[in-house]
Each structure stands twice: as C-alpha cells, then as structure tokens.
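Enquirer: Chain residues, written in single-letter form:
2 protein chains.
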Amino acid sequence: MTLTIHPLTGIPEVGHGDDLAALLLEAIRGAGLALEVGDVLVVTHKVVSKAEGAVVPLEGPDEDAAYRKVVIGEAAEIVRRRGDLIIARTKHGFICANAGVDRSNAAPGTAILLPLDPDRSAHGLRMSLKAATGVDPVVVVSDTFGRPWRRGLVDVAIGISGMEAILDLRGTVDGVGRELHVTEIAVADEIAAAADLVMGKADRIPAALIRGLSVPAGEGRATDLVRPPEEELFR
Amino acid sequence: MTLTIHPLTGIPEVGHGDDLAALLLEAIRGAGLALEVGDVLVVTHKVVSKAEGAVVPLEGPDEDAAYRKVVIGEAAEIVRRRGDLIIARTKHGFICANAGVDRSNAAPGTAILLPLDPDRSAHGLRMSLKAATGVDPVVVVSDTFGRPWRRGLVDVAIGISGMEAILDLRGTVDGVGRELHVTEIAVADEIAAAADLVMGKADRIPAALIRGLSVPAGEGRATDLVRPPEEELFR
Numbered sequence: 001m002t003l004t005i006h007p008l009t010g011i012p013e014v015g016h017g018d019d020l021a022a023l024l025l026e027a028i029r030g031a032g033l034a035l036e037v038g039d040v041l042v043v044t045h046k047v048v049s050k051a052e053g054a055v056v057p058l059e060g061p062d063e064d065a066a067y068r069k070v071v072i073g074e075a076a077e078i079v080r081r082r083g084d085l086i087i088a089r090t091k092h093g094f095i096c097a098n099a100g101v102d103r104s105n106a107a108p109g110t111a112i113l114l115p116l117d118p119d120r121s122a123h124g125l126r127m128s129l130k131a132a133t134g135v136d137p138v139v140v141v142s143d144t145f146g147r148p149w150r151r152g153l154v155d156v157a158i159g160i161s162g163m164e165a166i167l168d169l170r171g172t173v174d175g176v177g178r179e180l181h182v183t184e185i186a187v188a189d190e191i192a193a194a195a196d197l198v199m200g201k202a203d204r205i206p207a208a209l210i211r212g213l214s215v216p217a218g219e220g221r222a223t224d225l226v227r228p229p230e231e232e233l234f235r
Numbered sequence: 001m002t003l004t005i006h007p008l009t010g011i012p013e014v015g016h017g018d019d020l021a022a023l024l025l026e027a028i029r030g031a032g033l034a035l036e037v038g039d040v041l042v043v044t045h046k047v048v049s050k051a052e053g054a055v056v057p058l059e060g061p062d063e064d065a066a067y068r069k070v071v072i073g074e075a076a077e078i079v080r081r082r083g084d085l086i087i088a089r090t091k092h093g094f095i096c097a098n099a100g101v102d103r104s105n106a107a108p109g110t111a112i113l114l115p116l117d118p119d120r121s122a123h124g125l126r127m128s129l130k131a132a133t134g135v136d137p138v139v140v141v142s143d144t145f146g147r148p149w150r151r152g153l154v155d156v157a158i159g160i161s162g163m164e165a166i167l168d169l170r171g172t173v174d175g176v177g178r179e180l181h182v183t184e185i186a187v188a189d190e191i192a193a194a195a196d197l198v199m200g201k202a203d204r205i206p207a208a209l210i211r212g213l214s215v216p217a218g219e220g221r222a223t224d225l226v227r228p229p230e231e232e233l234f235r
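These protein sequences, in sequence, are chains H and R. The numbering used here puts the first residue of the first sequence at 1, with every later residue one more than the last. The numbering used here puts the first residue of the second sequence at 1, with every later residue one more than the last.
No lab work stands behind these hints, which were simulated from the structure alone. It is possible that part of the hints are untrue.
Some but not every residue of chain H turned toward chain R, in silico, with C-beta under 10 Å [stated by the list, open to error]: (1) 16; (2) 79; (3) 128; (4) 145; (5) 147; (6) 151; (7) 152; (8) 190; (9) 195; (10) 213; (11) 224; (12) 233.
Quick list of in silico lysine to any residue cross-link-like pairs, SDA-like style, CA-CA up to 25 Å [unchecked claim]: (13) 69(H) to 233(R); (14) 130(H) to 107(H); (15) 91(H) to 148(R); (16) 69(R) to 133(R); (17) 69(R) to 183(H); (18) 91(H) to 91(R); (19) 91(R) to 110(R); (20) 91(H) to 69(R); (21) 91(R) to 234(H); (22) 69(H) to 107(H).
The C-beta atom is built at its ideal place from N, Cα and C for all residues, glycine as well.
Can you make the complete structure from the sequences, with help from the hints?
Expert: Structure representation (structure tokens):
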C-alpha cells in the first residue's frame with residue numbers, strides 16, 4: 001500500500017501548558033486533512049517537552065558549564081566522555097548524546113529535557129486527539145540520536161502509543177520458505193526516521209502525519225526498544 | 001511537501017545477469033507510475049547481489065559451518081563474537097552482523113553476500129534507469145542492520161547514487177537563531193528506513209519508489225556514512 005507522509009506546518013512556538021493536541025489538529029486541518037483511522041502522528045519530543053514544561057534555565061555566567069551540569073543531572077550513567085561530548089544513558093534507558101538535553105530550538109538561556117515519560121506523553125496526546133475527534137490514532141514521539149559506527153544523526157522513537165515498537169517476524173518464513181530467525185524490525189524507529197524526511201531540523205516542522213501504514217498491533221512502549229544491558233555487546 | 005512511498009511489487013525472483021533496471025521499470029509501470037525527475041528508488045541489496053551473482057553455495061555436510069566460513073571470509077575484522085553471532089566490519093567498512101552475509105531469502109544451500117561495491121551498484125542501476133527513460137533518478141541500495149543499544153533491526157543505506165549521504169546543517173541556524181553545531185543528518189539512512197516501511201521482510205517486496213523528497217544535492221557515497229575508526233568511541 002502506498003504510504004504518504006504529510007509535514008504538519010504552521011505550528012506556533014509551543015509553551016508550557018499549551019494544548020499540543022489542539023495545535024496538531026489545527027495543523028492537520030491546515031494541511032487540508034482530517035484525522036483518519038490508521039493515521040500515525042509523529043511528533044518531535046521538543047514540542048512535547050515544551051508543552052510539558054520540561055525546559056530548564058541555564059543559570060550563571062557560564063552557560064556551557066550550566067548546560068553540562070544539567071546533562072549530568074539527567075544522566076543515569078555516563079557511558080563515554082570525550083571533550084565536550086557526553087554519551088549517557090538516560091533515566092528511561094536510552095543511550096544518546098548529552099542525555100537528550102538539547103539547546104537547539106530552545107529559547108536563549110534554556111535547555112530542553114526529554115519528557116519525564118515519553119510513552120506516557122504519547123499516550124496522553126493520543127487520548128486527547130481521540131477525545132477531540134473520535135478517531136484513535138497511533139502516536140510516536142521522536143528524538144534525533146547519533147549511532148555508533150555510522151556518521152550522521154537519525155530520528156528514533158522515544159515514546160509510542162497504539163502500536164508495538166517492534167515487529168516480531170521470528171517464526172514466519174521468507175520468500176523461499178526459510179524461517180526468519182532473527183528478524184525483529186524496529187518499526188517505531190523506522191517511522192520516526194521516515195517522518196524526519198519531511199520535518200527538517202532548521203524548518204521548525206515539529207510533526208508529520210503518516211497515512212497508509214500498517215503498524216504492529218498492540219500496546220507497546222518505546223522503552224521496549226532499549227536493549228537490556230545483559231544482551232549488549234557494546235558498552 | 002508531502003512525500004509518497006510506493007512499494008514496487010511483482011518483481012520476480014532475480015538471478016545472476018538479470019536486468020534489474022528493466023525489472024524495476026516494469027514494476028514501476030505495474031504500479032501505474034512512470035519515473036519522474038526527483039524520484040528516489042530504494043532497492044534492497046539482496047536483489048542487487050543476486051543480479052550481480054554475489055551468491056555463494058554453502059558446501060559440505062554442515063551448512064552452518066559453511067556459512068560461518070563464508071562470513072569470516074567476507075569480514076575485514078571481527079568486532080565481537082558471542083555464540084553464533086558474529087559482528088564484523090566488512091571490506092566496505094560497514095559494521096554489521098555476519099559481515100552482511102545472509103541466508104534469508106536465499107535459495108536453499110546458498111548465502112547472499114553484499115555487493116562488491118554497493119555505491120557502484122547504485123550508480124550502475126541509476127545509469128541504466130536513465131538510459132532507458134531519460135529520467136535521472138536517485139538510487140539507494142539498502143540493507144537491514146542491527147544497532148548497539150537498541151533492539152530490532154532497521155534498514156540503512158549501503159550504496160547511493162545521485163545524492164549526498166549526509167545533510168550537513170552545520171552553520172545554519174535553528175528556529176530561534178541558534179547555530180546548529182553538530183547537526184549532520186544521515187538522510188540516506190532515513191530514506192532506507194522509510195522505504196522498509198512498505199517493503200516488509202516476508203513479503204518479498206524488494207524495492208520502493210519515494211516521490212516528493214528533496215535529497216541533499218551532490219554525488220556522495222554510502223561509505224561516507226562509515227564513521228572513521230579514529231572518531232569512534234565504541235569498538
């Protein structure tokens with residue numbers, strides 16, 4: 001089935017307490033669309049964090065030092081450190097640069113944290129969208145992560161609601177009848193990456209609507225994407 | 001701009017020497033489409049490898065042992081080994097499970113290697129498509145990779161032609177006027193991930209056409225996505 005990905009433009013600067021679901025629905029209407037059954041709404045965590053008030057001031061004369069202090073406060077564990085770069089495990093379990101604390105697209109003198117519980121944020125957003133429209137969408141909250149071994153950043157899912165994060169194909173057979181043994185597809189991450197193609201970092205497009213996608217049915221969590229430390233070969 | 005991703009179905013089993021460009025154009029016609037300027041064609045490496053004859057027999061009574069031998073032959077370096085799992089650096093520089101050697105969707109008693117030079121494969125496919133249609137598309141050859149820290153597999157780009165692999169936003173400013181310092185987006189990987197959403201591992205859909213995407217202009221290579229070992233924190 002053909003998939004379409006619509007950028008949701010025209011969303012104003014989001015502040016603490018704003019009704020993000022209402023802003024998203026306004027943007028969907030602005031794109032000439034209405035929410036439909038099966039739609040997947042991808043939202044960058046920055047607007048979720050801003051709406052939830054997960055923004056902190058960088059206090060003192062040295063803003064960089066204040067930023068590092070926030071990063072360390074958000075980290076459950078420092079995994080690597082080289083120069084200014086800190087790779088940390090967040091309290092959610094995600095391993096990423098600066099424990100997910102970000103200064104780009106933040107108001108001057110502030111930094112944006114990850115939402116306290118991005119799966120819960122996704123669920124709340126989904127419930128608000130459903131209450132407003134009667135349509136129950138899938139919601140994915142995304143962030144931009146680096147990866148070992150490969151240059152460049154990609155968007156990944158840090159919160160989901162209305163789907164399983166991973167499509168488990170183990171036990172199914174391939175096109176030549178061979179059992180697919182180790183094929184678990186991180187569909188939620190692929191959704192986040194796909195949405196980023198229309199969002200653009202500098203363009204302030206914080207959300208996208210994906211239509212025509214059949215997601216793995218279930219009520220999973222993005223933290224299902226976190227590999228348990230005992231299975232991890234690279235720490 | 002709205003992006004559409006069309007699965008290209010109906011492609012028959014590909015064999016050594018087959019004209020993959022012709023098969024893709026047939027599938028594009030079958031989807032009711034014609035190649036247009038700006039189109040991005042994503043092709044899983046398996047059909048590229050099969051067309052190029054990058055398939056080896058697994059000889060001897062113990063097929064698993066023969067497979068491991070092929071994997072080790074394809075590896076430039078074994079990065080980790082645990083039980084049957086081998087994480088290796090390929091001769092291209094990619095770090096992935098089993099040096100990219102795959103038995104799923106391979107004929108019984110055979111294994112599929114990565115193309116010798118996937119960027120060159122992408123370029124050849126692009127030139128054939130251009131010669132046949134007059135339209136110069138972007139071509140991405142994809143494979144399915146695991147990642148450290150995150151469960152599940154995602155598709156990434158292992159060969160490209162007609163674009164830069166990475167969108168370099170360093171020096172541009174964000175929505176609040178702050179310079180984006182470390183924002184290099186692995187667009188080619190996001191394209192591969194997006195295409196996988198319509199391909200499906202068990203469905204034998206080996207290609208997708210993406211329309212409406214503005215790719216980073218240039219003539220890059222997927223090997224640009226390989227992080228130089230001296231910059232790597234996780235080996």
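Enquirer: Look at each hint and say if it fits the structure.
Expert: To see whether the hints hold, each was checked on the structure:
no.: 1; hint: 16; result: 16 Å, violated
no.: 2; hint: 79; result: 8 Å, holds
no.: 3; hint: 128; result: 24 Å, violated
no.: 4; hint: 145; result: 9 Å, holds
no.: 5; hint: 147; result: 6 Å, holds
no.: 6; hint: 151; result: 5 Å, holds
no.: 7; hint: 152; result: 3 Å, holds
no.: 8; hint: 190; result: 4 Å, holds
no.: 9; hint: 195; result: 8 Å, holds
no.: 10; hint: 213; result: 6 Å, holds
no.: 11; hint: 224; result: 7 Å, holds
no.: 12; hint: 233; result: 5 Å, holds
no.: 13; hint: 69(H) to 233(R); result: 22 Å, holds
no.: 14; hint: 130(H) to 107(H); result: 31 Å, violated
no.: 15; hint: 91(H) to 148(R); result: 18 Å, holds
no.: 16; hint: 69(R) to 133(R); result: 42 Å, violated
no.: 17; hint: 69(R) to 183(H); result: 22 Å, holds
no.: 18; hint: 91(H) to 91(R); result: 37 Å, violated
no.: 19; hint: 91(R) to 110(R); result: 21 Å, holds
no.: 20; hint: 91(H) to 69(R); result: 41 Å, violated
no.: 21; hint: 91(R) to 234(H); result: 21 Å, holds
no.: 22; hint: 69(H) to 107(H); result: 18 Å, holds
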